[in-house]
Amino acid sequence: MSRSKDSTSLGIVYSDPLALWALDFLIRRQHAPLDIIWTYSSGKEVLQNIDNFEHPQAMLIDLDLLDINYSILSRRIKLIDSNIGTVGIAASLPQESLEARNTSQINLIVHKKDSIEEIIRAVGSVSNHPKLMHWTSKDQASPLSKKELQIIRMTARGFTYASIGRQLHISEQTVKTYIRRSYIKLGVHTRSECVALCSSQGWLI
Numbered sequence: 001m002s003r004s005k006d007s008t009s010l011g012i013v014y015s016d017p018l019a020l021w022a023l024d025f026l027i028r029r030q031h032a033p034l035d036i037i038w039t040y041s042s043g044k045e046v047l048q049n050i051d052n053f054e055h056p057q058a059m060l061i062d063l064d065l066l067d068i069n070y071s072i073l074s075r076r077i078k079l080i081d082s083n084i085g086t087v088g089i090a091a092s093l094p095q096e097s098l099e100a101r102n103t104s105q106i107n108l109i110v111h112k113k114d115s116i117e118e119i120i121r122a123v124g125s126v127s128n129h130p131k132l133m134h135w136t137s138k139d140q141a142s143p144l145s146k147k148e149l150q151i152i153r154m155t156a157r158g159f160t161y162a163s164i165g166r167q168l169h170i171s172e173q174t175v176k177t178y179i180r181r182s183y184i185k186l187g188v189h190t191r192s193e194c195v196a197l198c199s200s201q202g203w204l205i
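Taking our numbering, the leading residue of the sequence shown gets 1, the next gets one more, and so forth.
Everything labelled a hint here was simulated from the structure, so no lab data went into it.
The C-beta atom is built at its ideal place from N, Cα and C for all residues, glycine as well.
Incorrect hints may have been included.
[Claimed, not checked] With a cut-off of at most 20 Å between alpha-carbon atoms, the simulated EDC-like pairs for lysine to aspartate or glutamate come out as follows:
hint : residue 1 : residue 2
1    : Lys185    : Asp16
2    : Lys176    : Glu193
3    : Lys78     : Glu45
4    : Lys131    : Asp6
5    : Lys146    : Glu193
6    : Lys112    : Glu193
7    : Lys131    : Glu193
8    : Lys147    : Glu172
9    : Lys44     : Asp81
10   : Lys113    : Asp6
11   : Lys113    : Glu54
[What the hints assert, rightly or not] Each pair of labels, with its calculated beta carbon distance range:
hint : residue 1 : residue 2 : range
12   : Gly187    : Phe159    : 19 to 25 Å
13   : Asn128    : Leu79     : 38 to 44 Å
14   : Ser115    : Ile80     : 28 to 34 Å
15   : Asp67     : Ala156    : 46 to 52 Å
16   : Asp67     : Ile116    : 21 to 27 Å
17   : Arg166    : Thr190    : 21 to 27 Å
Put together the whole structure using the sequences plus the hints.
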């Protein structure tokens, strides 16, 4: 799998499929130097398949897994690859001793109500990635190309696709292609959503 050498690879195992999808989506929306290389809703499936996929530098592990105790999963993961940093996600922080934490091989524990930024910082800590360790939403970089941002800026100012095409010396269909590509990258579905998101992130300045 191709990814930036400056990014941290991440695997996620979370028992609730909908919550797993949301966590994956929200992390990707941060555009941090973090590559989610796989997700599973079953701890047993992770153990069954881990020899068949790339080992991540960090893992997010739901401490409320239904099919296997998180402590068993994390210990086995560490036996397979001791370099994988593990972050546990808990609905309520377990009242366990430091000795018990060490036994479970969970490096850090965060709360399910913690912000995405806090979760990313925890991943940065266990993977020793300086930028992730101090991550805030202000660090987000635009995932859009210069041309895509230029076209979004022009649509925000009220130009039609035909007018944008004439000014940029490209076809109206090409403008629409850039727009569709932008929607996919940002996870939005309408022009107003796209402009609102780009504006809120300061990308239209």
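Against the structure, the hints:
Between Lys185 and Asp16 the CA atoms are separated by roughly 25 Å; this puts the pair beyond 20 Å, and the hint is violated. The hinted pair formed by Lys176 and Glu193 meets the criterion: a straight-line CA distance of about 16 Å does not exceed 20 Å. In summary, the hint linking Lys78 to Glu45 is supported, as the alpha carbons are separated by about 16 Å, within the 20 Å threshold. Between Lys131 and Asp6 the CA atoms are separated by roughly 10 Å; this keeps the pair inside 20 Å, and the hint holds.
Restraint check for Lys146 and Glu193: satisfied, since their Cα atoms lie roughly 19 Å apart, inside the 20 Å limit. Distance restraint check for Lys112 and Glu193: the Cα-Cα separation of roughly 27 Å exceeds the 20 Å cut-off, and the hinted pair is therefore not satisfied. Distance hint between Lys131 and Glu193 is unfulfilled; the C-alpha atoms sit about 29 Å from each other, more than 20 Å. Distance hint between Lys147 and Glu172 is fulfilled; the C-alpha atoms sit about 14 Å from each other, no more than 20 Å.
Using a Cα cut-off of 20 Å, the hinted pair Lys44 and Asp81 holds, with the two alpha carbons roughly 16 Å apart. A C-alpha spacing of about 28 Å is found between Lys113 and Asp6, which places the hinted pair above 20 Å, so the restraint is violated. Proposed proximity of Lys113 and Glu54 is contradicted: the alpha carbons are some 29 Å apart, above 20 Å. Take Gly187 and Phe159: their Cβ atoms lie about 24 Å apart, and the range 19 to 25 Å holds.
Under the hint 38 to 44 Å, the C-beta atoms of Asn128 and Leu79, about 21 Å apart, miss the expected range. Evaluation of the 28 to 34 Å hint for Ser115 and Ile80 yields a pass: the beta carbon distance comes to about 30 Å. Between Asp67 and Ala156 the CB atoms are about 47 Å apart, so this pair conforms to the stated range of 46 to 52 Å. A beta carbon spacing of about 26 Å between Asp67 and Ile116 agrees with the range 21 to 27 Å that was offered as a hint.
Between Arg166 and Thr190 the CB atoms are about 24 Å apart, so this pair conforms to the stated range of 21 to 27 Å.
Checked against the numbered hints above, the structure violates hints 1, 6, 7, 10, 11 and 13; every other hint is satisfied.
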